[in-house]
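K.L.:
Assemble the whole structure, with the sequences as input and the hints as a guide.
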Amino acid sequence: MADDGDHVMKPKKENMGGNDGDHKMKPCAACKHNGWRCGADCFFAEYFPSDCETQYLNVDNRFGAWGMLNRLNEVTPARRVDVGITMHSIIFESNCRVVSPSTGATGLNMAAQSLVRDAKTAAEIVSACNEIAKYSEEIARFRQNQHKEQLNHGSQTGTVSFDDIIRGRGIHFEEDPLPSDLEDAETDDDVLN
1 MADDGDHVMK PKKENMGGND GDHKMKPCAA CKHNGWRCGA DCFFAEYFPS DCETQYLNVD
61 NRFGAWGMLN RLNEVTPARR VDVGITMHSI IFESNCRVVS PSTGATGLNM AAQSLVRDAK
121 TAAEIVSACN EIAKYSEEIA RFRQNQHKEQ LNHGSQTGTV SFDDIIRGRG IHFEEDPLPS
181 DLEDAETDDD VLN
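Numbered according to UniProt numbering, the sequence shown spans residues 1 to 193.
Derived by calculation from the structure, the hints in this document are not laboratory data.
Treat the hints with care, as some may be off.
[Said to hold, decoys possible] So the derived label-pair ranges between C-beta atoms look like this:
#1 Gln-146 to Ala-119: 35 to 43 Å
#2 Asp-118 to Arg-143: 30 to 38 Å
#3 Arg-141 to His-88: 26 to 34 Å
All residues carry an ideal CB built from backbone N, CA and C; glycine is no exception.
P.N.:
Here's what the structure looks like:
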């Protein structure tokens with residue numbers, strides 16, 4: 001990149017890329033597309049190698065070669081380091097505009113943020129489902145253990161579960177003698193009088 005203090009380069013249509021006629025190299029994508037001679041000091045060669053013609057076309061369609069050079073010529077000499085950053089930004093935005101013509105990089109960034117939010121929401125849902133599954137398993141184990149304890153306890157003590165009572169299984173009523181203190185109790189008729 002030639003630095004004469006005022007401009008990035010002074011473009012000439014007949015020799016946009018440089019003036020090294022003896023230099024044998026593949027022309028950059030910009031010079032190749034526009035039919036310019038490409039020299040060793042070609043400004044575009046750094047950003048648009050010969051195999052990146054699609055990338056150059058994206059920039060050319062969005063900004064145009066002259067528009068891009070005019071933007072770069074607006075960069076003050078003190079900020080000349082920013083030319084590389086500016087070029088990469090122009091290339092990036094142009095490539096984004098191919099994917100999202102109306103919003104470019106901003107639209108792709110918003111879409112990416114939306115995907116991240118959706119992924120976080122999905123992860124939270126999966127986490128909640130895992131918690132529910134964990135508690136469901138614990139409840140199932142608790143019920144299974146409780147049922148086993150009831151069966152073991154019932155068979156040892158001779159008691160019958162409520163389920164057995166409803167279904168009429170294993171029920172044998174024995175006549176229990178009345179306790180001695182109830183034998184002497186007054187009858188209902190005696191109490192009412």
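K.L.:
For every hint, state whether the structure bears it out.
P.N.:
Right, here's what the structure says about each hint:
| no. | hint | in the structure |
| --- | --- | --- |
| 1 | Gln-146 to Ala-119: 35 to 43 Å | holds (40 Å) |
| 2 | Asp-118 to Arg-143: 30 to 38 Å | holds (37 Å) |
| 3 | Arg-141 to His-88: 26 to 34 Å | violated (59 Å) |
Hint 3 from the earlier list is the only one contradicted by this structure; the remaining hints agree with it.
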